[in-house]
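Student: Line by line, the protein sequences give chains A and B.
Count along the first sequence from 1, add 1139, and you get the number used in the numbering used here.
Count along the second sequence from 1, add 4, and you get the number used in the numbering used here.
In short, the hints are calculated from the structure, not lab data.
All values reported here derive from a predicted model rather than from experimental measurement.
One should not assume that every hint holds.
Now the in silico label distances, taken between C-beta atoms and shown as ranges [unchecked claim]:
1. Thr313(B) / Gly1296(A): 29 to 39 Å
2. Gly1216(A) / Gly583(B): 55 to 65 Å
3. Gln1215(A) / Arg461(B): 51 to 61 Å
Negatives, chain A to chain B, calculated, CB over 12 Å [what the hints assert, rightly or not]:
4. Arg1185
5. Asp1213
6. Phe1231
7. Glu1274
8. Asp1277
9. Asp1287
10. Leu1295
C-beta: ideal position from N, C-alpha, C; glycine also.
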Amino acid sequence: MHNHFELFGLAPAFSLEKDRLEKAYRDIQSRVHPDRFAHAGDAERRASLQWTTRVNEAYRTLKDPVQRAKHILDLQGVDVAFETNTQMPADFLMQQLELREELERAVGSKDAASLDRLRSTLTASRKNLEKQIGEAIDGRKDYAGAADLVRKLMFLGRLDDEIDAAYGEVE
Amino acid sequence: MALLQISEPGMSPAPHEQRLAVGIDLGTTNSLVATLRSGVASVLPDAHGRPLLPSVVRYHADGKADVGYAALAKQALDPKNTIASVKRFMGRGMQDVAHVESAPYDFVDAPGMVQLRTAAGVKSPVEVSAEILRVLKERAELSLGGSLAGAVITVPAYFDEAQRQATKDAGRLAGLNVLRLLNEPTAAAIAYGLDNAAEGTYAVYDLGGGTFDLSILKLSRGVFEVVATSGDSMLGGDDFDQRVFCWAVEQARLPPLGARDMRLLQMKAREAKEYLTSHGEAPLTAKLSTGDVVDLSISTEVFCGITQTLVQKTLVPVRKALRDAGLRVEDIKGVVMVGGATRMPQVQRAVADFFRRDPLNNLDPDKVVALGAAMQADVLAGNKPQGEDWLLLDVIPLSLGLETMGGLVEKIIPRNTTIPAAKAQEFTTFKDGQAGMSFHVVQGERELVADCRSLARFELKGIPPMAAGAARVRVTFQVDADGLLSVSAKEASSGAEASVAVKPSYGLHDADIERMLRDSFQHAREDVHARALAEARVDGQRLLEATRSALQADKALLSAQELADIEQAMQGLQARLGGTEHRAIKQAAEALGRATDDFAARRMDQSIRRALAGKRIGSL
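Given these sequences and hints, build the entire structure.
Tutor: This is the structure:
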């Protein structure tokens, strides 16, 4: 498996220096991007396409908190079984249920303002979870604990997608 | 020219080696060609000094075609053979084309893309577009005094796969080396950003003749990064004309119109719309072939009233792009207005109200896309030394996915993913001993296949007999820098492999292109073979030079055997360059390409290692 942090010359950590990542990404892109090989031969164009694709994939993974955390856990050899392990604490599920009911009400009454409110609540919860994930991974090296938090964060991500779709219906 | 362009500063091609490259804005209403001269981008006018080429093609019974103003003038006289706004039909089936009933053409419902019956035979929108591109190519070659090394053609950011593929095919058909398909709002951002040394987050509001795009970009020194894009590929200035046309038909209580009268009244409607940009009231008069006389006057109030829903419709993608980018209106530093339709005062007002700031109109909205495309073409042709060029990061506008059980879509690559991008996903068999698997590639945001656009279907055969769920079929989506998709599938669990590369069903096959080229050359008095030979020689020569300089720089990366293989392939190509068989030259060039594949990859790796090493030293 590729180590995406290594590609950008970064230490594998959840808390990330965004500026350094962005700079490294742009440095590499400016050397491998297909725009630099538009007039070159097929061999160079193929190599460029492969590299750019890989660099974009790595950048996308590291930029996104859920993907970044999963990547670190993968590198640590932690089997998180995200697809099969769907157990969640009852209070968390309760809270999610309430948020979804709120979402349905907003869609029913075509109320874009309450979608905005819902989204800012959600953003705050996500930020909070990300902070906890950082403490678990970078601080305590508690990868199993981090995996539980990442599952929650993924759950919130799906709700965010649903809010997105809801805007489409409300507008 | 260095094979990998990792040359030291100052090693850019000398001025006399500058390759001629142009940017082409292939618009719904008008098309333009622009190029860079002494560092300044300018639009190339025709012999009469006119910068725009109306995107109108008129076919004659002898197979010849008029393009531009000459065709435009005959629109009402010969509506069936005079094709306007052909961009609306690119990559579109009959059922996708809006206002079919009020288009005066003789449509032929063909699989994949609608076709048009004309005096010169049945024409596909790709062929009609190629006529326009051919005229622009000739204009550029005449004015620059040489043959073009390449062209950048712009497309609406919200164009889907089929529409992009059709545009690229039209470029090939016109004999252009298409360096890149560039999104129109991105091209505008390049022109605007470089002109104004702009930094920060900008929105580009691009309302063209037939399409609407909204892109949000982060501009910083040397980097243009598209953060999100949205739009409506069926909304543009034409729709405003259509509203005026319908209003006039209703006001004048006209009976159903024939093709000529319809075309005439549509042209009058457009003139009235344009007049209203700077006047409070516009006359709308026409004498129809039936003897009916239309004598109306339309006020700004009425015009704004009947088009208000269209203006509001553009704000839906604006909000969506902001949400996708995770930005608020306050985060946008400026809104660049692009496309002739943004001249309408009610559009300007709506954008100003929404963004709570005056839109930026300091570049000609008709030309800015072509100018940006010319600047990018110059970079892609390798004319800019390293350090003076820029990095362009663009995204796909619509999600790409596969149909799964129950007519649902599994998204493989989500919208707004930076390109080039690839993603692989594993699928398995449903039944014991299943020998084949069929795939349906779709594009769109909806969950049901029926609500998305179907791109291609293909089958993977030859899966060895296995229990249900035991096969491992890996499907890979690859989107290239033009935003074009290729899909492949591979079964690998039993060691036996099967793979298939998809040629999307809507694209033209090489044989089609060759046939169309032959057809068009019969009229152009140009020899297909002579041209193919000349092109193959130039390409072959370029490849040899590139390989020589790459060897000079990095021979050390090769073993003695590898070096011998490459040298042998070079000799093979050199020997065939003098011959007259363009296919033999192409084959020898391809062989050399294959022989240098590993070498190219190794040089790329080395370049990246150096980049990273430089960074670590720098940050110590």
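Student: Look at each hint and say if it fits the structure.
Tutor: Hints versus structure:
1. Range check, threonine 313(B) to glycine 1296(A): Cβ separation about 35 Å, and the 29 to 39 Å hint holds.
2. Checked against the given bound of 55 to 65 Å, the beta carbons of glycine 1216(A) and glycine 583(B), roughly 58 Å apart, stay inside it.
3. A beta carbon spacing of about 41 Å between glutamine 1215(A) and arginine 461(B) contradicts the range 51 to 61 Å that was offered as a hint.
4. Residue-level check failed: arginine 1185(A) sits 7 Å from the nearest beta carbon of chain B, not beyond 12 Å.
5. Look at aspartate 1213(A): its CB is around 16 Å from the nearest CB on chain B, clear of 12 Å, so calling it non-interface holds up.
6. No beta-carbon of chain B is positioned within 12 Å of the beta-carbon of phenylalanine 1231(A); the least distance is around 24 Å.
7. Under the 12 Å C-beta cut-off, the non-interface status given to glutamate 1274(A) relative to chain B holds; the minimum distance is some 24 Å.
8. Listed as outside the interface, aspartate 1277(A) is consistent with that label: its C-beta sits roughly 20 Å from the nearest C-beta of chain B, beyond the 12 Å cut-off.
9. At roughly 26 Å from the closest C-beta of chain B, the C-beta of aspartate 1287(A) stays outside 12 Å, upholding its exclusion from the interface.
10. No Cβ of chain B approaches the Cβ of leucine 1295(A) within 12 Å, the least distance being about 15 Å, so the stated non-interface status holds.
Hint compliance for this structure: hints 3 and 4 are not met, and every other hint is.
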